[in-house]
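Colleague: Sequences and hints are given; from them, build the entire structure.
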Amino acid sequence: MIHVRLEPEAKDIELHRIKTVLGLLNRLELRPTMALVVRDGCLLTPDRRLYNNDHVLVRTVTSAG
Amino acid sequence: MKCKRCKAQAVVALPSHNTAFCEECFYLFFTRQVETAIRRQKMFGPDDRILVALSGGKDSLTLMLELALQGYDVTGLHIDLGIGESSIQARAKVEAFCRKHSLNLRVLETASVGLAMPDVKKYIKRPVCSVCGKVKRYYFNKVAREEGFDVLATGHNLDDEAARLFANTLRWDAAYLSDQGPSLPAAEGFVRKVKPLYRLTEFETANYAFLKGIEIHSAPCPYSQGASFTNHKQLLGELEHRSPGSKFAFYDGFLRNGRPAFQLLEEEQGDELAPCRECGSPTSTELCGVCRVRMALSEKKREAGELA
Ligand code: SF4
Ligand SMILES: [Zn+2]
Ligand SMILES: [Zn+2]
Numbered sequence: 001m002i003h004v005r006l007e008p009e010a011k012d013i014e015l016h017r018i019k020t021v022l023g024l025l026n027r028l029e030l031r032p033t034m035a036l037v038v039r040d041g042c043l044l045t046p047d048r049r050l051y052n053n054d055h056v057l058v059r060t061v062t063s064a065g
Numbered sequence: 001m002k003c004k005r006c007k008a009q010a011v012v013a014l015p016s017h018n019t020a021f022c023e024e025c026f027y028l029f030f031t032r033q034v035e036t037a038i039r040r041q042k043m044f045g046p047d048d049r050i051l052v053a054l055s056g057g058k059d060s061l062t063l064m065l066e067l068a069l070q071g072y073d074v075t076g077l078h079i080d081l082g083i084g085e086s087s088i089q090a091r092a093k094v095e096a097f098c099r100k101h102s103l104n105l106r107v108l109e110t111a112s113v114g115l116a117m118p119d120v121k122k123y124i125k126r127p128v129c130s131v132c133g134k135v136k137r138y139y140f141n142k143v144a145r146e147e148g149f150d151v152l153a154t155g156h157n158l159d160d161e162a163a164r165l166f167a168n169t170l171r172w173d174a175a176y177l178s179d180q181g182p183s184l185p186a187a188e189g190f191v192r193k194v195k196p197l198y199r200l201t202e203f204e205t206a207n208y209a210f211l212k213g214i215e216i217h218s219a220p221c222p223y224s225q226g227a228s229f230t231n232h233k234q235l236l237g238e239l240e241h242r243s244p245g246s247k248f249a250f251y252d253g254f255l256r257n258g259r260p261a262f263q264l265l266e267e268e269q270g271d272e273l274a275p276c277r278e279c280g281s282p283t284s285t286e287l288c289g290v291c292r293v294r295m296a297l298s299e300k301k302r303e304a305g306e307l308a
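If you read the sequences in order, they're chains A and B. For the record, in the first sequence the residue sitting at position 36 is 36 according to the numbering used here, with numbers rising by one throughout. For the record, in the second sequence the residue sitting at position 207 is 207 according to the numbering used here, with numbers rising by one throughout.
No wet-lab data here; the hints were simulated from the structure. Idealized CB from N, CA, C, for every residue including glycine. Treat the hints with care, as some may be off.
[Said to hold, decoys possible] To be clear about the criterion: a stretch of chain A counts as covered by chain B if any three or more of its residues have a C-beta under 8 Å from a C-beta of chain B, and this derived list gives those stretches:
no. : region
1   : 26 to 36
2   : 42 to 48
3   : 52 to 62
Modeller: Quick look at the structure:
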């Protein structure tokens, strides 16, 4: 299971059976250039592996207003 | 994924450019894109004084920081719209950012010139966002001209520009198509306007802002009807995903092949501009839009007993 913080919604969710950043983005129905994915303050490219109990931040990039 | 340049672990993958970069090499890529934009579109030189419109969003702060790092003479201008907590937060972010990086900042409160946005919303029948946009453009131009800046720079990125072009094209709006572009020359009453981030996507500016630790203003304006052109941005994003590079090709092709034709058309058919009788800003009517709103507002407030 991984813990996901969604921004700018400020929502926390948990997801199961996710192995890579690309898999995470697909599950969230986001294209790779629609969001930043961050773990421990570091940006992750879509090919990076995710591990059980990872905490990741997903920040969509389209600016409001 | 490895950095294309130095083979270190990549932190940003850019399918449009078929590449990926580590942090240091990404900055290099970003800087080169901005340099190319400035050079190709003849935006400004090292001796020009540049006024940068700072909303507090990631694009405007990114632009300000990058131009300062490249050694340009930049001053920020933040327009405080007086919209409750949202404006207070935006202004605080801009002020903290400029303090942190020792950058010059001006702040203009629209309430001090009789144009607080909550009053506009309350008393003026037109959509508040269209008045707000007009007021912001007016004061960016006015401050730039009155204080002797050579050029006004805004943080519009490729997604903003391509989405706006897409919308204008769907309507075949010849007037807008004739003067949309990353570099608009100075004209009678108008300062030169440039968009040095037009070659960079929203994703790229978001990565830059994140890596540089830029704290962005994210509390949405309470009057917002949702992000402008969001649907168009999503459609273009989908096109870009299936066919990387098409977004830039669409916009760049317009600049090369489409815009010149619309400019010729507009020269024949466009409205004549003359100075506004109140403030001297160029307008196609006797009194410019901003002066009209300001007068209507003070009249309505007087009727409502809010003004002495
Ligand atoms: S959402 Fe509308 S009123 Fe609010 S800042 Fe943007 S343009 Fe102005
Ligand atoms: Zn590198
Ligand atoms: Zn006027």
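Colleague: If a hint holds in the structure, say so; if it does not, say that too.
Modeller: Right, here's what the structure says about each hint:
1. 26 to 36: holds (count 5)
2. 42 to 48: holds (count 7)
3. 52 to 62: Holds, because 3 residues of the region 52 to 62 of chain A bring their Cβ atoms closer than 8 Å to Cβ atoms of chain B.
Violated hints are absent here; each numbered hint is respected by the structure.
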